[in-house]
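Enquirer: Okay, here's what each chain looks like letter by letter:
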Amino acid sequence: DTGVSQNPRHKITKRGQNVTFRCDPISEHNRLYWYRQTLGQGPEFLTYFQNEAQLEKSRLLSDRFSAERPKGSFSTLEIQRTEQGDSAMYLCASSSGLWGTDTQYFGPGTRLTVL
Amino acid sequence: AQTVTQSQPEMSVQEAETVTLSCTYDTSESDYYLFWYKQPPSRQMILVIRQEAYKQQNATENRFSVNFQKAAKSFSLKISDSQLGDAAMYFCAYRTSFTGANSKLTFGKGITLSVRP
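As given, the protein sequences belong to chains A and B, one line each in that order. Heads up, the first sequence is in my numbering, so the first residue is 1 and it goes up one at a time. Heads up, the second sequence is in my numbering, so the first residue is 1 and it goes up one at a time.
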């Protein structure tokens with residue numbers, strides 16, 4: 001069990017470019033979450049997958065954001081036409097979905113800087 | 001909607017001493033889970049301790065314990081015998097216990113704990 005991994009760890013991009021982040025959850029975890037954390041704040045929920053189905057999206061997730069989880073394994077988060085306000089740490093977490101023991105395990109995050 | 005409030009942005013403790021981090025929350029639900037997560041500088045977030053709201057007994061994990069006051073909607077974390085490695089940002093988080101619901105976490109703003117040698 002290697003834990004949740006995220007790539008890249010850091011991404012610097014220019015405003016208007018598209019970026020894509022990847023999250024590999026703990027194997028056999030069927031729930032996967034994306035959060036966004038800005039400096040000095042707690043993580044805020046973006047979206048949630050159960051297996052390959054995206055079941056909830058936060059209002060924070062504008063139409064420039066899209067997330068996928070093909071085959072219920074890894075997930076990608078894409079931001080199109082990045083803006084400076086998108087600069088943040090993007091965290092991924094996974095859980096087993098076993099109710100009552102549904103602890104979320106976090107990855108190291110991808111830090112996005114939009115110039 | 002549920003909210004989590006951590007009103008102390010920073011705290012400091014002497015090594016080997018005890019420190020208490022405060023958290024309050026607001027919810028209309030009667031059953032839920034509360035968590036404390038630790039985020040060391042430039043490292044990933046890890047779970048410190050969790051509390052089920054239906055349990056009256058306060059959770060304990062080695063040097064970490066909570067004081068859960070359901071009526072007051074208060075959930076504080078006590079760290080005993082503080083160590084240099086405890087220096088981190090600590091987040092209080094809430095999760096519903098409704099079966100089938102999105103088990104997303106709602107976080108407070110966090111508190112930065114420094115440990116003085």
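Hints are supplied without guarantee of correctness; some may be wrong.
What the hints assert, rightly or not - Derived list of chain A stretches under chain B, where covered just means 3 residues or more per stretch with a C-beta under 8 angstroms from a C-beta of chain B:
id: 1; region: 28-40
id: 2; region: 73-83
id: 3; region: 104-113
Unchecked claim - Derived pair list, reagent style DSSO-like, types lysine-lysine, alpha-carbon separation capped at 27 angstroms:
id: 4; chain 1: B; residue 1: LYS55; chain 2: B; residue 2: LYS73
id: 5; chain 1: A; residue 1: LYS11; chain 2: A; residue 2: LYS57
id: 6; chain 1: A; residue 1: LYS57; chain 2: B; residue 2: LYS55
id: 7; chain 1: A; residue 1: LYS71; chain 2: A; residue 2: LYS57
id: 8; chain 1: A; residue 1: LYS11; chain 2: A; residue 2: LYS71
id: 9; chain 1: A; residue 1: LYS11; chain 2: B; residue 2: LYS109
The set of hints was computed from the structure by calculation and includes no laboratory data. We treat Cβ as the ideally placed atom computed from N, Cα and C, and that holds for glycine.
Enquirer: A separate judgement is required for each hint: does it hold in the structure or not?
Expert: Hints and how they fare:
no.	hint	result
1	28-40	holds (count 4)
2	73-83	violated (count 0)
3	104-113	holds (count 6)
4	LYS55/B x LYS73/B	holds (14 angstroms)
5	LYS11/A x LYS57/A	holds (23 angstroms)
6	LYS57/A x LYS55/B	violated (31 angstroms)
7	LYS71/A x LYS57/A	holds (19 angstroms)
8	LYS11/A x LYS71/A	holds (26 angstroms)
9	LYS11/A x LYS109/B	holds (24 angstroms)
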